[in-house]
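So the protein sequences, as listed, match chains Y and G.
Here my numbering is used: position 70 in the first sequence is 70, and no number is missing along the way.
Here my numbering is used: position 217 in the second sequence is 217, and no number is missing along the way.
Don't read these hints as lab results, they were simulated from the structure.
Values in this document were obtained by computation on a predicted structure and should not be read as measured data.
Cβ atoms here follow ideal geometry from the backbone N, Cα and C, with glycine treated the same way.
Please note that a few of the clues may not be correct.
Heads up, incomplete: computed chain G residues facing chain Y, CB under 7 Å, no partners named [claimed, not checked]:
{"hint": "1", "residue": "L50"}
{"hint": "2", "residue": "V52"}
{"hint": "3", "residue": "D53"}
{"hint": "4", "residue": "I55"}
{"hint": "5", "residue": "G169"}
{"hint": "6", "residue": "F172"}
{"hint": "7", "residue": "L176"}
{"hint": "8", "residue": "G181"}
{"hint": "9", "residue": "N183"}
{"hint": "10", "residue": "S185"}
Capping the alpha-carbon separation at 25 Å, the derived lysine-lysine pairs in PhoX-like fashion look like this [as the list claims (entries may be wrong)]:
{"hint": "11", "chain 1": "Y", "residue 1": "K75", "chain 2": "G", "residue 2": "K160"}
{"hint": "12", "chain 1": "G", "residue 1": "K80", "chain 2": "Y", "residue 2": "K69"}
{"hint": "13", "chain 1": "Y", "residue 1": "K108", "chain 2": "G", "residue 2": "K160"}
{"hint": "14", "chain 1": "Y", "residue 1": "K155", "chain 2": "Y", "residue 2": "K169"}
{"hint": "15", "chain 1": "Y", "residue 1": "K75", "chain 2": "Y", "residue 2": "K52"}
{"hint": "16", "chain 1": "Y", "residue 1": "K28", "chain 2": "Y", "residue 2": "K197"}
{"hint": "17", "chain 1": "Y", "residue 1": "K67", "chain 2": "G", "residue 2": "K80"}
{"hint": "18", "chain 1": "G", "residue 1": "K80", "chain 2": "Y", "residue 2": "K52"}
{"hint": "19", "chain 1": "G", "residue 1": "K80", "chain 2": "Y", "residue 2": "K126"}
{"hint": "20", "chain 1": "Y", "residue 1": "K75", "chain 2": "Y", "residue 2": "K3"}
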Amino acid sequence: MLKVDDLVTSYGLIKALRNVSLEAEKGKLTCILGPNGAGKSTLLFTIAGILKSDRGSIQFLGRQISKMKTSEIVKEGLVLVPENRLVFPHLSVRENLLAGAFSRFSRKDEVEEDVESVYQRFPILKERYLQEAGTLSGGEQQMLAVARALMARPKLLLMDEPSVGLAPKIVNTIFEIIKTLSEEGISIVLVEQNAVKASAIADHIYLLDQGEITFSGSPDEIEDNDIIKRAYLGDITES
Amino acid sequence: MEFLQTCLDGLLFGSAYSLLALSFSLLFGVMKRVNLAFGSSLLLSAVFALWVDSILSVGIIGIFLVMLGSSAIINIYVEKICFYPHRGNYGAIVSMISSFAIWMQLDDLSSFLLPDRTASFPSFLPDSFFIIDLFIRIDQLFLFFIAVLMTGVFFYVLYKTNYGLLLRGVSFDGELARKLGVNSSRISSFAFAFSGVFGAIAAFLILSTESQVTPFFGFWCTLKGLVAMMLGGIGSLPGAIIGGLFLGLIESNVINYLGAEYRDICTYLILLFILVVKPGGIMGSAILRDERAASERI
Chain Y
1 MLKVDDLVTS
11 YGLIKALRNV
21 SLEAEKGKLT
31 CILGPNGAGK
41 STLLFTIAGI
51 LKSDRGSIQF
61 LGRQISKMKT
71 SEIVKEGLVL
81 VPENRLVFPH
91 LSVRENLLAG
101 AFSRFSRKDE
111 VEEDVESVYQ
121 RFPILKERYL
131 QEAGTLSGGE
141 QQMLAVARAL
151 MARPKLLLMD
161 EPSVGLAPKI
171 VNTIFEIIKT
181 LSEEGISIVL
191 VEQNAVKASA
201 IADHIYLLDQ
211 GEITFSGSPD
221 EIEDNDIIKR
231 AYLGDITES
Chain G
1 MEFLQTCLDG
11 LLFGSAYSLL
21 ALSFSLLFGV
31 MKRVNLAFGS
41 SLLLSAVFAL
51 WVDSILSVGI
61 IGIFLVMLGS
71 SAIINIYVEK
81 ICFYPHRGNY
91 GAIVSMISSF
101 AIWMQLDDLS
111 SFLLPDRTAS
121 FPSFLPDSFF
131 IIDLFIRIDQ
141 LFLFFIAVLM
151 TGVFFYVLYK
161 TNYGLLLRGV
171 SFDGELARKL
181 GVNSSRISSF
191 AFAFSGVFGA
201 IAAFLILSTE
211 SQVTPFFGFW
221 CTLKGLVAMM
231 LGGIGSLPGA
241 IIGGLFLGLI
251 ESNVINYLGA
261 EYRDICTYLI
271 LLFILVVKPG
281 GIMGSAILRD
291 ERAASERI
């Protein structure tokens with residue numbers, strides 16, 4: 001579904017991504033793990049067209065998207081959920097949702113339908129639909145950010161560290177939501193630092209370190225690989 | 001009765017200030033930008049419309065339409081030159097300074113099109129009438145009603161349309177909007193064109209009540225708009241309306257009781273006083289408090 005090949009992105013002279021190649025399959029949850037500064041967000045931003053790559057190709061559903069603008073990429077069905085549960089704090093919950101559907105404002109009924117289905121999925125958002133998004137709790141804001149992305153009718157969701165800065169209990173809820181979305185057939189590329197939680201729900205895992213892919217395999221294969229397991233997962237068997 | 005009369009005059013004319021202040025507030029409150037070239041763009045559009053009229057004799061409606069169109073185009077030009085390259089959190093001062101340069105450019109263009117320095121501007125609805133001893137100019141009354149109507153349109157566009165929604169989104173967090181794929185360039189052009197059209201309607205009404213246009217009109221618009229916005233509260237849209245009406249009231253009462261030469265000095269004294277007592281203007285501090293509270297929650 002998404003095929004990234006030999007991707008290079010740099011900030012000035014510093015190469016943040018060095019020849020990254022990866023693939024995300026349809027209906028699967030692909031997870032990219034890595035420490036701070038590994039280039040995870042850079043990778044997502046490059047795929048979403050927010051940063052431009054120096055070299056390499058990004059194919060989505062067979063189409064080359066590496067030269068497209070973000071707005072066009074969103075129309076293709078590739079939607080980013082940015083890090084830090086970014087919502088528009090002064091807009092109401094409902095307005096935040098509508099802003100997610102900006103690429104198809106002309107089809108009003110369809111947008112209304114989607115708002116309703118999002119409300120069914122996240123009843124708390126319906127309760128607070130007139131409230132300013134800035135007054136929601138952290139977990140609710142993250143739900144809103146995911147819900148806003150769903151408003152664009154994504155074929156593939158790019159999720160940038162959805163668990164960051166949230167209380168452990170809320171993190172569980174968020175991962176439940178991600179799991180449900182994945183089970184419903186929405187393809188997801190998930191970038192995470194919370195390796196234990198992420199590998200529990202992922203179908204395929206890539207490890208990204210200093211801009212390079214250092215491992216690619218299923219969660220079970222990570223289990224079998226002691227060095228990687230210790231470096232990225234910690235020793236979960238002991239704890 | 002005399003006091004009532006001056007208050008009425010002040011309110012009627014103050015509505016024009018409100019419109020100018022709203023245009024500024026759209027860009028300041030929503031885009032966080034000060035466009036110093038705004039008044040000059042209105043002057044240029046008026047002078048250009050008169051120039052077109054002198055060649056094609058398009059009539060008063062033609063002048064009105066040419067003003068709207070040219071003001072929209074001039075404001076998009078200003079946006080592309082001064083504001084779009086400096087979007088982002090740190091471009092506020094750079095874009096303000098470059099809008100100052102464009103102000104000079106637009107004023108020069110206007111004086112090029114206005115070699116006689118003054119031109120008469122067509123008026124309409126010239127009659128006046130009295131209601132129980134109160135003298136009312138119909139054109140000013142008309143200006144007032146249009147101002148009320150346009151304020152409604154303004155709020156409708158900003159709060160009930162999709163463009164308004166995206167505009168508010170882009171202004172609160174342009175970076176996030178860009179990540180979502182919102183075409184912020186088009187939204188920002190739309191905001192400037194909108195404020196241009198809005199300002200041009202105000203300028204047309206003001207000029208036709210004054211029945212002439214001079215090269216100082218641009219500076220006058222910028223000054224009155226900014227002062228009214230500061231009085232009412234920087235960044236607050238209701239504040240812009242209140243500030244405009246308040247400015248009108250101050251001016252007409254000062255002119256009546258102290259004389260026209262004291263008008264500006266009293267206006268600025270009152271502005272200073274308000275900024276000392278209520279920093280941020282009449283409605284401004286509430287806005288600041290809300291914004292701080294909201295950003296702390298994130």
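> Broken hints, numbered, in rising order?
Replying inline: 1, 2, 3, 4, 10, 14, 19
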